[in-house]
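Peer 1: Listed in order, the protein sequences are those of chains A and B. Start counting the first sequence at 1; every next residue gets the next number (our numbering). Start counting the second sequence at 1; every next residue gets the next number (our numbering).
Read the hints as simulated data drawn from the structure, not as lab findings. Model, not experiment: these values are computed from the prediction. It is possible that some hints are incorrect.
Straight-line C-alpha distance at most 25 Å; calculated DSS-like pairs for lysine-lysine [unchecked claim]:
| no. | chain 1 | residue 1 | chain 2 | residue 2 |
| --- | --- | --- | --- | --- |
| 1 | A | LYS11 | B | LYS58 |
| 2 | B | LYS6 | A | LYS83 |
| 3 | A | LYS95 | B | LYS53 |
| 4 | A | LYS97 | B | LYS54 |
| 5 | A | LYS11 | B | LYS54 |
| 6 | B | LYS19 | A | LYS73 |
| 7 | A | LYS67 | A | LYS51 |
| 8 | B | LYS46 | B | LYS58 |
| 9 | B | LYS19 | B | LYS54 |
| 10 | B | LYS28 | A | LYS97 |
Counterexamples of contact, computed for chain A against chain B with all Cβ distances above 12 Å [what the hints assert, rightly or not]:
| no. | residue |
| --- | --- |
| 11 | LYS49 |
| 12 | GLN61 |
| 13 | VAL64 |
| 14 | ASN66 |
| 15 | LYS83 |
| 16 | ASN114 |
| 17 | TYR117 |
| 18 | LEU119 |
| 19 | ALA124 |
| 20 | ARG125 |
| 21 | LEU130 |
| 22 | GLU131 |
Every residue, glycine too, gets a C-beta built ideally from N, C-alpha and C.
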Amino acid sequence: MNYLNNVILLKTPRKFLRTTFILDTGSPTTILGYSDALRLQIPFDNLSKRKIIRLGGRKYQGYVFNKLIFIFKSEDNRTVSEKFPVTVIKPTSDKEKEEIGATPTIIGTDFLKNKGYKLFCDMARDIAYLEK
Amino acid sequence: MEQELKLLNSSISDLNWFKENSKEIRKKHEGKFVAIKDSSIKEVAKDVELLIKKLDKKGIESNFVLIKYVTPKGVISIL
Chain A
1 MNYLNNVILL
11 KTPRKFLRTT
21 FILDTGSPTT
31 ILGYSDALRL
41 QIPFDNLSKR
51 KIIRLGGRKY
61 QGYVFNKLIF
71 IFKSEDNRTV
81 SEKFPVTVIK
91 PTSDKEKEEI
101 GATPTIIGTD
111 FLKNKGYKLF
121 CDMARDIAYL
131 EK
Chain B
1 MEQELKLLNS
11 SISDLNWFKE
21 NSKEIRKKHE
31 GKFVAIKDSS
41 IKEVAKDVEL
51 LIKKLDKKGI
61 ESNFVLIKYV
71 TPKGVISIL
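Start from the sequences and build out the full structure, keeping to the hints where you can.
Peer 2: Here's what the structure looks like:
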């Protein structure tokens, strides 16, 4: 399995979905991918503005969504749930939709710090995992 | 919790299937979004909104599929 892609369940009070994520130690912020936000029916109009996010060389307005739960599978075949606020990007044009549509959900360093995870990464052996 | 574990395990199977068949999938669907479930592609579209609509038409809940973008050959994404 590709160590930088993995599967999770994402849950809100109304919906859940199966998806993959990228762990990006270069991102200080955890970002919910636009396609995941669509499928979760995130209420963009009710969200408060957060910081401007620069992604792929472009700037986007970020919004905060506080009600997301990440569900992972652990090594001992159990589920691990973590509730964490995420930044959601709302595209304002078809061009922006096209550009961020393929960007997956990104787990950033804020998640690792706040939840107390350590990242182990051995690229030569194709291994990477989080541990508490 | 059991249901969640089942979903995660099936997601891992689908993701592995996608990677094992990536060459063939890229030949047919390069630059598009594919919806995968039970180790097969259920629907294809050029953007996610259209993909969700197509899945709805087929009576497939988009929450239960794995959606992946098929990166064109020779392209690397750097965030």
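Peer 1: Can you list which hints this structure breaks, lowest number first?
Peer 2: Violated hints: none at all, because every hint is consistent with the structure.
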